[in-house]
Amino acid sequence: MRKNNYLVVSYILLALLLLSRLIPHAPNFTPVLAIILFSSMMFKNKIYILIPIAGIIISDILLQYQSGYQYIFSTAFFWTYGALLAVFVFSYFHKTSITTKNIFIKSFAGAIIFFLVSNFGVWIASPGYPLNFSGLISCYTAAIPFFRNTLSSTLFYSLVVFAPVLLKNRQLITNSITSKNN
Numbered sequence: 001m002r003k004n005n006y007l008v009v010s011y012i013l014l015a016l017l018l019l020s021r022l023i024p025h026a027p028n029f030t031p032v033l034a035i036i037l038f039s040s041m042m043f044k045n046k047i048y049i050l051i052p053i054a055g056i057i058i059s060d061i062l063l064q065y066q067s068g069y070q071y072i073f074s075t076a077f078f079w080t081y082g083a084l085l086a087v088f089v090f091s092y093f094h095k096t097s098i099t100t101k102n103i104f105i106k107s108f109a110g111a112i113i114f115f116l117v118s119n120f121g122v123w124i125a126s127p128g129y130p131l132n133f134s135g136l137i138s139c140y141t142a143a144i145p146f147f148r149n150t151l152s153s154t155l156f157y158s159l160v161v162f163a164p165v166l167l168k169n170r171q172l173i174t175n176s177i178t179s180k181n182n
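So the sequence shown is numbered by the numbering used here: it starts at 1 and just counts up by one.
By construction, these hints were calculated from the structure, which means they are not laboratory data. Wrong hints could be hidden among the right ones.
[To be verified] DSSO-like mimics (lysine-lysine), calculated; alpha carbons at most 30 Å apart, straight line:
id: 1; residue 1: 168; residue 2: 101
id: 2; residue 1: 46; residue 2: 95
id: 3; residue 1: 168; residue 2: 46
id: 4; residue 1: 95; residue 2: 44
id: 5; residue 1: 101; residue 2: 46
id: 6; residue 1: 101; residue 2: 44
id: 7; residue 1: 95; residue 2: 168
id: 8; residue 1: 44; residue 2: 168
My request is simple: use the sequences and hints to build the entire structure.
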């Protein structure tokens, strides 16, 4: 991808991220993880992780202003952003070609990483769960409905975000086969 295209894609991703979090949606059904995965797989320069993180922070500020819920720089904030960073690092350093299969695998793995890290933070920070193994299991069990939405949205939005790349790759393969046969 050429440098100018990175900026265009980055701004489109940022806008999509902001919009998706500000409009009504099912809990945890957003393109956040898909955009993190896209950034980690498409952008060679690690600085581009700042684009989706900036979008998440901006939308968190707007949501905090709208709801009055004090989230920014709370304990949950750090665990959530730590989980997003863990997904980015996993995907960035686990290099794979961009295929539908690899996108599904990374989406599934990213959703699991996010679930485990963010809910571990909920268990640590929430007075509602005892700080023992039973409390941890209770916390993870209570979060399963949210995981379904996280996984579904990550798979769905990953296919949406990666569709142009997958179609371009398919076209290149088709053109290559066609030119070899002629």
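Subject >> Unmet hints by their number, sorted upward, for this structure >> reply: Hint check: nothing fails, all pass.
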